[in-house]
Amino acid sequence: MGLSNFHDIKKDFPIFSRQINGRNLVYLDSAATTQKPTEVIDSITSYYKNCNSNIHRGIYSISIEATELYENARNTIAKFINANSPRELVFTRNATEAINLVSNAWISANLKEGDSIILTEMEHHSNLVPWQIIAKKLKLKINFIKIQPDGGLILDNLEDLFKDNAKFLSLTHVSNVLGTINPIKDIISKAHDYGITTLVDAAQSVPHMSVDVQNIDSDFFVFSGHKMLGPSGIGVLHAKKDILENMEPFLYGGDMISNVSLTESQWNDVPWKFEAGTPNIVGAIGLGKAVDYLNNLGMSNVHKHEQELYSYAIERFSDLKEFKIFGFENKNSTGGVISFSYSDFHPHDIASILDGESIAVRAGHHCAQPLMEKLGVPATTRASFYVYNDESDIDKLFDGLQKVRSVLT
Amino acid sequence: MSDDIYKEIILDHYRNPRNKGKLDGAEISAQDNNPVCGDRIAIDIKLEDNVVSDIKFDGEGCAISQSSASILTDMLVGKTVDELSKFTKDELLEELGTPSLGPARIKCALLSLKVLKIGTYQYLGTELPDDPEN
Numbered sequence: 007m008g009l010s011n012f013h014d015i016k017k018d019f020p021i022f023s024r025q026i027n028g029r030n031l032v033y034l035d036s037a038a039t040t041q042k043p044t045e046v047i048d049s050i051t052s053y054y055k056n057c058n059s060n061i062h063r064g065i066y067s068i069s070i071e072a073t074e075l076y077e078n079a080r081n082t083i084a085k086f087i088n089a090n091s092p093r094e095l096v097f098t099r100n101a102t103e104a105i106n107l108v109s110n111a112w113i114s115a116n117l118k119e120g121d122s123i124i125l126t127e128m129e130h131h132s133n134l135v136p137w138q139i140i141a142k143k144l145k146l147k148i149n150f151i152k153i154q155p156d157g158g159l160i161l162d163n164l165e166d167l168f169k170d171n172a173k174f175l176s177l178t179h180v181s182n183v184l185g186t187i188n189p190i191k192d193i194i195s196k197a198h199d200y201g202i203t204t205l206v207d208a209a210q211s212v213p214h215m216s217v218d219v220q221n222i223d224s225d226f227f228v229f230s231g232h233k234m235l236g237p238s239g240i241g242v243l244h245a246k247k248d249i250l251e252n253m254e255p256f257l258y259g260g261d262m263i264s265n266v267s268l269t270e271s272q273w274n275d276v277p278w279k280f281e282a283g284t285p286n287i288v289g290a291i292g293l294g295k296a297v298d299y300l301n302n303l304g305m306s307n308v309h310k311h312e313q314e315l316y317s318y319a320i321e322r323f324s325d326l327k328e329f330k331i332f333g334f335e336n337k338n339s340t341g342g343v344i345s346f347s348y349s350d351f352h353p354h355d356i357a358s359i360l361d362g363e364s365i366a367v368r369a370g371h372h373c374a375q376p377l378m379e380k381l382g383v384p385a386t387t388r389a390s391f392y393v394y395n396d397e398s399d400i401d402k403l404f405d406g407l408q409k410v411r412s413v414l415t
Numbered sequence: 002m003s004d005d006i007y008k009e010i011i012l013d014h015y016r017n018p019r020n021k022g023k024l025d026g027a028e029i030s031a032q033d034n035n036p037v038c039g040d041r042i043a044i045d046i047k048l049e050d051n052v053v054s055d056i057k058f059d060g061e062g063c064a065i066s067q068s069s070a071s072i073l074t075d076m077l078v079g080k081t082v083d084e085l086s087k088f089t090k091d092e093l094l095e096e097l098g099t100p101s102l103g104p105a106r107i108k109c110a111l112l113s114l115k116v117l118k119i120g121t122y123q124y125l126g127t128e129l130p131d132d133p134e135n
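So the protein sequences, as listed, match chains A and B.
For the record, in the first sequence the residue sitting at position 406 is 412 according to this note's numbering, with numbers rising by one throughout.
For the record, in the second sequence the residue sitting at position 97 is 98 according to this note's numbering, with numbers rising by one throughout.
The set of hints was computed from the structure by calculation and includes no laboratory data.
Each hint should be verified, as a subset may be incorrect.
Restricting the straight-line Cα-Cα distance to at most 25 Å, the calculated cross-link-like pairs of lysine to any residue (SDA-like) are [stated by the list, open to error]:
hint	chain 1	residue 1	chain 2	residue 2
1	A	K327	B	K108
2	A	K85	A	K118
3	B	K108	A	G362
4	A	K409	A	R24
5	A	K409	B	I107
6	A	K196	A	T269
7	B	K21	A	R24
8	B	K80	B	G103
9	A	K402	A	I320
10	B	K108	A	V383
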């Protein structure tokens with residue numbers, strides 16, 4: 007299966023029929039958020055039109071239907087990442103909220119002054135800031151796995167970090183700036199030898215490649231729905247069931263209880279004890295539909311498609327003068343992301359001029375300021391691909407970059 | 002937004018910035034950066050009898066932020082400190098010739114004005130308003 011099999015795919019995404027400044031949208035910012043196929047959009051309107059009601063409580067037909075749709079989505083998503091059971095899946099707002107849940111509910115109860123948390127230098131702010139806050143509160147130390155110039159992690163001193171009172175390790179599966187795939191299975195297995203609990207930020211991996219949480223053996227695993235064709239406002243925390251069962255809730259209120267008196271309460275079973283209040287029902291349903299859509303394409307085909315686009319882009323851009331791709335030397339990449347500098351043109355100018363050609367790219371630090379510092383640049387321009395991109399998008403980006411040069415020099 | 006914002010005056014000042022550098026013994030000195038994109042501007046001003054006698058800016062960033070600083074500094078020689086504190090964004094944007102910058106890029110264009118205001122208010126010892134560049 008090659009690029010040609012994905013060729014008609016833009017028709018599935020209504021936004022691509024829209025004209026912007028008289029041109030079709032060239033969307034190259036899927037690492038930020040992805041466009042939505044008709045099936046996902048329709049599942050949202052269909053829920054509100056046909057069975058809108060609250061879940062888990064209703065005795066009447068539409069509430070039973072709504073509950074089924076919500077819990078079926080959990081099943082679909084659990085299978086998609088090969089979870090041992092759908093009860094290991096907690097719906098959150100996004101990966102960020104899932105990380106905050108773990109730092110508030112698990113770290114608070116299990117780490118104490120003098121313990122350390124291990125992170126990497128390539129983390130998105132979402133997998134950095136929550137740990138800074140809890141570390142300050144509990145007087146924990148944070149140690150960092152460093153990165154080398156090609157964007158890969160430096161892993162030869164891992165044991166030194168583990169031996170420094172490490173109790174918890176949180177790292178990204180795939181870099182949102184460079185697309186680097188980290189060897190998480192290996193790192194997690196070594197961490198477990200030291201009794202260290204692990205979290206994987208999979209926001210940039212689950213959308214782009216097949217993942218198997220049982221094989222990875224992470225204790226916590228988080229991702230966001232909107233980066234994988236689903237709606238915004240829905241994300242997932244996966245955790246091993248015994249961990250969830252031994253963890254105190256993060257948010258308290260309705261639906262997360264089994265019994266309530268005026269003075270005390272007992273908690274509902276997992277995962278519902280972590281889903282206080284009416285959840286994002288339609289978000290979960292939409293994400294389930296997005297997973298159906300990805301399953302139809304096949305995740306190995308998705309991965310292959312992105313790698314083929316990446317190769318095509320590299321070949322095409324080799325003609326451009328003073329064009330530098332960050333992390334280019336690292337072969338272990340999803341292929342979904344190209345972060346680049348182009349002469350001394352500032353990324354904001356590049357993005358503005360490309361916008362004039364209806365090409366959407368991201369310019370800035372990509373919520374990874376420490377990584378930018380490491381790369382020695384204040385910002386990069388990032389083009390990121392997904393299932394609906396094709397060679398013509400890359401050709402238009404190429405033409406757009408030539409226009410950038412002609413405007414700015 | 003598009004390349005419409007790259008007017009000739011902006012590109013001219015971007016390619017050949019005026020008043021670029023630093024001033025020793027400046028009475029007014031300030032810098033700030035735009036955390037979203039990493040643009041940085043520093044401004045030094047020398048005063049004689051409360052009037053701007055020399056001004057330089059330093060920094061790095063996009064064409065809009067750097068040309069705006071160049072254009073702004075060009076407009077300020079001969080102005081009194083009081084005039085600096087009252088200088089408006091409309092005066093700067095009019096000179097830039099780009100009324101339709103849009104919310105994403107307006108911050109780039111107004112960074113130099115924000116730095117000017119920070120320095121001037123510091124010099125006057127008065128409290129900086131919440132949105133000094135507006």
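- What are the numbers of the hints the structure violates, in ascending order? Of the numbered hints given earlier, those the structure breaks are 1, 2, 6, 7, 8, listed in rising order.
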